[in-house]
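Start from the sequences and build out the full structure, keeping to the hints where you can.
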Amino acid sequence: MTVRNKSIIILAWNNWQETEKCLDTLVKTQLENTKVTVLNNGSTDATKEKLKNYDWIRVINSPKNLGFVRGNNKAVESCEQDSDIILINNDIIFEQTDWLQRLEKTAYTHTSTGIVGCRLLNNKKQLLHTGTLIMPETLWGQQMDSGKIEVDINQYNRDRVVQGVIFAVAYIKRPVFNQLNGLATEFHSYFEDTDFCLRAKQLGFETVCCGSVTLTHNEHGSTQGNESFRTKLFHQSRKIFSKKWKQKLADEYSPELAWQSILNFPTGYAMSSQAMLKALDERKVRLQYQYVYGANTPFAVPERQDMQHNRLNVICKRPFSKKPKVSVVYGQGDVFKRNQGKYKIGFTMLEVDGFPKEWIRQANTMDEIWVPSEFNKQAMLRCGLKRPIYKIPLGVDSNYFNPQIHSYKNPNNDYVFFTNIEWGERKNPQMQLQQFNKAFRASDDVCLIAKLNNSDPGVNLQQQIKKLNLSAKGGRIYFIINRVFDYYQLPLLYRSIDCYITAGRGEGWDMPLMEAMACGLPTIATNWGAHQEFATADNSYLLNITGTIPAIAKCPYYTGFNWANPDASHFCELLLTVFNNQQQAHSKGLLAAKHMQQKWSWDNTTTKIIERITSVEL
1 MTVRNKSIII
11 LAWNNWQETE
21 KCLDTLVKTQ
31 LENTKVTVLN
41 NGSTDATKEK
51 LKNYDWIRVI
61 NSPKNLGFVR
71 GNNKAVESCE
81 QDSDIILINN
91 DIIFEQTDWL
101 QRLEKTAYTH
111 TSTGIVGCRL
121 LNNKKQLLHT
131 GTLIMPETLW
141 GQQMDSGKIE
151 VDINQYNRDR
161 VVQGVIFAVA
171 YIKRPVFNQL
181 NGLATEFHSY
191 FEDTDFCLRA
201 KQLGFETVCC
211 GSVTLTHNEH
221 GSTQGNESFR
231 TKLFHQSRKI
241 FSKKWKQKLA
251 DEYSPELAWQ
261 SILNFPTGYA
271 MSSQAMLKAL
281 DERKVRLQYQ
291 YVYGANTPFA
301 VPERQDMQHN
311 RLNVICKRPF
321 SKKPKVSVVY
331 GQGDVFKRNQ
341 GKYKIGFTML
351 EVDGFPKEWI
361 RQANTMDEIW
371 VPSEFNKQAM
381 LRCGLKRPIY
391 KIPLGVDSNY
401 FNPQIHSYKN
411 PNNDYVFFTN
421 IEWGERKNPQ
431 MQLQQFNKAF
441 RASDDVCLIA
451 KLNNSDPGVN
461 LQQQIKKLNL
471 SAKGGRIYFI
481 INRVFDYYQL
491 PLLYRSIDCY
501 ITAGRGEGWD
511 MPLMEAMACG
521 LPTIATNWGA
531 HQEFATADNS
541 YLLNITGTIP
551 AIAKCPYYTG
561 FNWANPDASH
571 FCELLLTVFN
581 NQQQAHSKGL
591 LAAKHMQQKW
601 SWDNTTTKII
611 ERITSVEL
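Counting with the UniProt record's numbering, you get residues 1 to 618 for the letters of the sequence shown.
Take these hints with a grain of salt, some might be off.
[Unchecked claim] Simulated pairs of lysine to aspartate or glutamate, EDC-like, Cα-Cα distance not exceeding 20 angstroms:
no.: 1; residue 1: K201; residue 2: E219
no.: 2; residue 1: K337; residue 2: D367
no.: 3; residue 1: K278; residue 2: D24
no.: 4; residue 1: K232; residue 2: E219
no.: 5; residue 1: K554; residue 2: D538
no.: 6; residue 1: K278; residue 2: E186
[Claimed, not checked] Derived CB-CB ranges, DEER-like:
no.: 7; residue 1: Q247; residue 2: E227; range: 40 to 50 angstroms
no.: 8; residue 1: Q247; residue 2: N5; range: 38 to 48 angstroms
no.: 9; residue 1: E422; residue 2: H110; range: 27 to 37 angstroms
no.: 10; residue 1: E227; residue 2: V3; range: 37 to 47 angstroms
no.: 11; residue 1: D456; residue 2: L590; range: 46 to 56 angstroms
Hints in this document: simulated from the structure, not taken from any laboratory. Ideal Cβ positions, reconstructed from N, Cα and C, are used throughout, including at glycine.
Shown next, in the form of structure tokens:
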């Protein structure tokens with residue numbers, strides 16, 4: 001193993017209590033071949049005297065505050081010339097002993113990596129930082145893609161290339177630091193870290209956020225009590241950054257794409273639309289967005305303007321062209337006519353074996369059609385589609401949905417099955433609940449958690465459940481009714497169960513199934529519908545069907561078409577197979593997670609989208 005010298009640099013400016021916590025936790029970590037330098041940046045409190053008690057560090061006393069940039073540059077000049085540089089804020093608390101070894105490993109996994117940061121929590125143990133993002137329209141840095149602080153469920157636990165990291169914790173390879181001549185001295189503090197990462201990128205060096213390291217950042221602890229000073233520094237540096245990078249950041253975007261869809265609702269179209277826009281923007285596709293529903297459409301509800309997400313808000317505030325070159329309408333086929341592009345693309349799906357005549361009529365006015373699955377492609381062609389049709393599969397965000405997410409296991413050590421049902425004919429709730437109750441006894445170490453959602457005011461769920469005549473002596477079922485979870489916390493729910501069930505009659509894709517599989521869960525899924533694209537006998541327990549039956553439901557789009565009739569007796573067999581072979585089921589779940597990460601990412605989706613839109617010639 002290569003032995004590398006490393007130099008940790010910590011700037012301290014007053015607020016001794018922060019520096020003390022930093023040093024007292026740092027010394028308990030693994031610091032082999034590492035020297036620690038603290039630059040006392042003109043402190044006027046007890047910092048200078050207190051540092052004399054730390055004989056394991058080297059202290060540089062500056063008579064005045066040099067600022068973050070010049071202070072770090074000065075400290076680096078005094079370090080060994082062959083040592084990698086690790087910049088640390090004095091308000092960092094170390095609770096992971098091998099943090100430095102993990103950062104170093106990430107830095108040298110790929111020769112193209114130049115800078116490495118890590119996950120950072122605030123002092124409330126909320127996730128604060130997973131890699132920074134600055135968009136050209138706002139030039140306002142975000143420490144997470146959403147711009148929000150999230151409960152830490154161990155999301156973003158894998159190494160990722162990012163635009164930048166904050167230099168509260170930054171491992172910098174020495175050749176990179178030297179080639180860039182240190183931090184840019186145009187800045188005093190703020191924006192110098194993103195500037196450094198962008199300049200490194202120009203030289204071919206990537207910035208990576210190390211997902212296996214998590215430290216605590218008492219943010220702004222180093223300037224606490226000096227808010228007006230901090231605000232002044234921020235805005236001064238922002239002006240400098242804007243002049244230097246605004247146009248360059250804007251020029252990174254190409255090609256352009258108009259997206260007419262739905263975003264700000266808890267629906268499958270909306271959630272997948274959000275994911276695709278975020279992934280497309282990450283790939284530097286210049287997006288503009290327009291809500292495709294509203295007045296005089298099948299869904300007349302207006303859409304809220306605030307997406308509660310930084311990246312999406314920036315995209316949605318861009319002006320929408322009167323006649324964009326390429327526009328995608330992503331939604332039901334009866335709104336394809338609202339497509340405003342010169343080149344028109346319709347992107348849709350449905351849960352039955354055909355598409356309504358009006359959908360097909362409008363589809364045939366498009367230049368091309370996208371569907372996520374072969375199931376939907378063949379249904380479109382059978383129903384009379386004449387336009388070119390392409391498969392654009394949906395994906396899953398493995399930053400959130402993966403087996404390393406935290407979990408809360410059942411306190412009674414029950415094996416927990418879980419089903420997520422929108423009450424109605426398609427999801428087949430009666431069969432699932434009755435057959436589980438029949439398959440097990442109440443005394444068995446197993447239970448079913450049924451998350452039931454109902455948006456039909458004419459349906460009383462309690463009465464519907466009572467009509468099932470579930471036996472108190474049968475398999476235990478616990479209900480969660482109309483409970484809404486923050487989407488980013490759903491992985492925590494999935495990781496807290498043992499097997500996911502989706503035994504409905506038809507799916508247009510089934511994102512929850514894919515998300516559960518990505519979390520490493522064994523799954524039971526009906527062997528019919530669009531999800532056959534990714535749910536196979538290798539990575540799932542496929543539920544047989546007795547055939548197809550007419551799709552009789554309140555939804556008018558299903559009229560005249562068929563869906564599956566799941567085999568109730570085989571469903572019972574699969575429940576018992578999973579319960580009696582838990583290790584085998586666990587292995588199948590981990591294989592599913594591997595497949596989801598390798599083959600079914602949103603990046604894979606955007607690759608196919610970009611291939612299509614860049615092939616358009618007008």
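Verification of the supplied hints:
1. As the CA atoms of K201 and E219 are separated by approximately 26 angstroms, the hinted pair breaks the 20 angstroms bound.
2. Among the hinted pairs, K337 with D367 is consistent with the structure: their alpha-carbon atoms are about 12 angstroms apart, no more than 20 angstroms.
3. Straight-line distance between C-alpha atoms of K278 and D24 comes to about 40 angstroms, which puts the hinted pair past the 20 angstroms bound.
4. Distance check on the hinted pair: K232 and E219 sit about 17 angstroms apart at the alpha-carbon level, within 20 angstroms; holds.
5. In summary, the hint linking K554 to D538 is not supported, as the alpha carbons are separated by about 35 angstroms, beyond the 20 angstroms threshold.
6. With a CA separation close to 32 angstroms, the supplied pair K278 and E186 exceeds the 20 angstroms bound.
7. Checked against the hint of 40 to 50 angstroms, the pair Q247 and E227 fails, with Cβ atoms roughly 31 angstroms apart.
8. Evaluation of the 38 to 48 angstroms hint for Q247 and N5 yields a pass: the beta carbon distance comes to about 39 angstroms.
9. Checking the proposed 27 to 37 angstroms range against E422 and H110 shows it is violated: the Cβ atoms sit about 44 angstroms from each other.
10. Between E227 and V3 the CB atoms are about 44 angstroms apart, so this pair conforms to the stated range of 37 to 47 angstroms.
11. One distance hint, 46 to 56 angstroms for the beta-carbon pair D456 and L590, is violated here, with the actual separation near 38 angstroms.
Checked against the numbered hints given earlier, this structure breaks hints 1, 3, 5, 6, 7, 9, 11; the rest are met.
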